[in-house]
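Read top to bottom, the protein sequences are chains P and Y.
Residue numbering for the first sequence follows my numbering, beginning at 1148 and increasing consecutively.
Residue numbering for the second sequence follows my numbering, beginning at 1148 and increasing consecutively.
Treat the hints as calculated values from the structure; they're not laboratory data.
Backbone N, C-alpha and C fix where the C-beta goes; we use that ideal spot for every residue, glycine too.
One or more hints might be untrue.
[Said to hold, decoys possible] Coverage of chain P stretches by chain Y, computed from C-beta distances (three or more under 8 angstroms per stretch; other residues unrestricted):
no., stretch
1, 1281-1293
2, 1363-1374
3, 1378-1392
4, 1446-1460
2 protein chains.
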Amino acid sequence: MGTVAISAGGAFTAYLQQQATAFLRGLSLRGESETEADALLRGSARRIAGVLHTYAPLADPGWAEPLRAELAWLSATLGREPQYATRLARLVDALRRLSAAGTPEAVLSAALPLPSDGPPAEVAAAGGGAAPLALGAARAAALLERQLTLARTRAHSATLQAMGSSRFHGLADSIAVLASEVPLTPGAAQPAHEVLPALAGQAYQRLCDAADALPLHRAALPYNAEAVQAALGAELTADLQDAPWHQVRILLRLARYAAEVPGAEPRADERLGDAATLLQRHREASESAAAVASAARTPRIAPATAYALGVLHADQRHEVEAARFAFSRLWQTQGQDANAAPAPGVRTE
Amino acid sequence: MGTVAISAGGAFTAYLQQQATAFLRGLSLRGESETEADALLRGSARRIAGVLHTYAPLADPGWAEPLRAELAWLSATLGREPQYATRLARLVDALRRLSAAGTPEAVLSAALPLPSDGPPAEVAAAGGGAAPLALGAARAAALLERQLTLARTRAHSATLQAMGSSRFHGLADSIAVLASEVPLTPGAAQPAHEVLPALAGQAYQRLCDAADALPLHRAALPYNAEAVQAALGAELTADLQDAPWHQVRILLRLARYAAEVPGAEPRADERLGDAATLLQRHREASESAAAVASAARTPRIAPATAYALGVLHADQRHEVEAARFAFSRLWQTQGQDANAAPAPGVRTE
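Bound conformation, chain P alone:
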């Protein structure tokens, strides 16, 4: 498809400029729809930062590295608000499922006798350890809604503040410059097919190495109870246990972005799409479980509320385990030899 004639720097620049254009479109869209605009901004920021990492030998590091740091700051800032929204929806949905109630609204509205915008529902039940446990689910939902809505509102303010900051304007200027010119290294003059597949292959290899180092055999045994092991232990235990999985999720994203660059000749690995979904689910369950543990530390909550939060925490840790199980089965049963030759002639462009 003519990749022979294109230099590595040329293909790389084309991809970066495409992403820079998306970024600037996101910026101009912000007046109309913040949510859509932020998703666009975040997606292009992550892609630019990702390929600057994978294809680092092609770009002037003095320019690329500070830019990557700024892009990481922006995408982290933009990511928080939707994460809190997703987390709340996930937890209220889980509480609904756990209490076998009809709808999320049913769980929330069952938080009688207080209206949802009244004082903390716990106050009414404080000291009422003998209160029906079923009420705990509704109170836990109300507590999580308050806490996560507050966090979401704060994240929204932080985003607005960031978007108005001189730091953001500096970043937007860099992206605007990027749309017209990318500072390349001399090595970028080599033909694309001599450089890009090797660098994309390294990103893929880093993913495979990290995924193969996960405890996949254990995770592939259903109901191994590994993920829930730390449910009542120190939080550090869960963090240490989850970290390698989060790392694989990041490496997977890098490998996928690297594969989007024209001429990268990515591996024909059909697992990647589903694997990304499963690791995202793993992350959401892991962070939701942590949010529940945090809510359980709220002073003066009723025992029934704490009990429901405990059930919910364990449930989310089992979701973590379920995601690991599914990932392990996916990665092992369709497992390719990571050292095999690249699949011939596979292009995503």
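Guided by the hints, dock chain Y onto chain P, whose structure is given.
Only chain Y this time, still in chain P's reference frame:
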């Protein structure tokens, strides 16, 4: 093996007398080792009651039915104490696993600052919602230990009382009579091979029908979250969900006891041993979860204790789900056609 010459009643009587002998041996053993003696008494009581049910057409119902009722009373009475002991061990072990602590003793002894025989650990923490959640595991263990040890002590007293009662002496007399003479029906005069395999086959068929009516397809999907669904709902929901599985466990026991009678020619179904283990695990997890929910209703427990109990409850419901998963896989993958002809020439004697 000479079964042709034996009448159905003869084989049935031989088995009953063997069990009656075991019962009387258990009775005489009681002065030395209560635990061993009770296990022997209970095992033979369950077997006699079981075969009286399965082979009902062979025994005089006016004699058999009141005897079965008395045997059911005795085995239920004798079963309670070991059940509480097993339940406590299971729950303390689960708390140890969930808090990733070293030993069960570590969990219990971590219930600082109170000694294990001091006043309720909750008192110290009452109102201390911000207390570290990790302490909750130790307090939950201490609470469960108190409650289940009390229940066990009461069950022990109830057993002692039952063994000294005129009701028990009446039952023991019936068993002593049974050891020498079983009141049979006229039909029991038929050859064993014409009667016993059909009755044992009916017991097996009742088991298969009930097992096949379970939601095996859903249970065979790992992490289906079915068993935990009722964790925060009404207790009735869990009871309704678990009941068919408990029923299969009872039918499985009846089929196994029926197969022990000489000449019963039981099906060569290799699943039965493992299936019994899994359904026993299902029952223990189900009843342990209920005990945790009950403990969570203790007035004035600390939120951290309630939280740990919530985690533990969900964990035990996941154990319920894990047992169903394993049973479903076992029953389906090695599944035999329940309507197939009996395996030829298979005898356990």
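Comparing the hints with the structure gives:
1. 1281-1293: Coverage by chain Y holds for the stretch 1281-1293 of chain P (3 residues, Cβ < 8 angstroms).
2. 1363-1374: holds (count 3)
3. 1378-1392: The restraint on the stretch 1378-1392 of chain P holds, since 5 of its residues have a Cβ under 8 angstroms from chain Y and three suffice.
4. 1446-1460: holds (count 15)
Violated hints: none; the structure is consistent with every hint.
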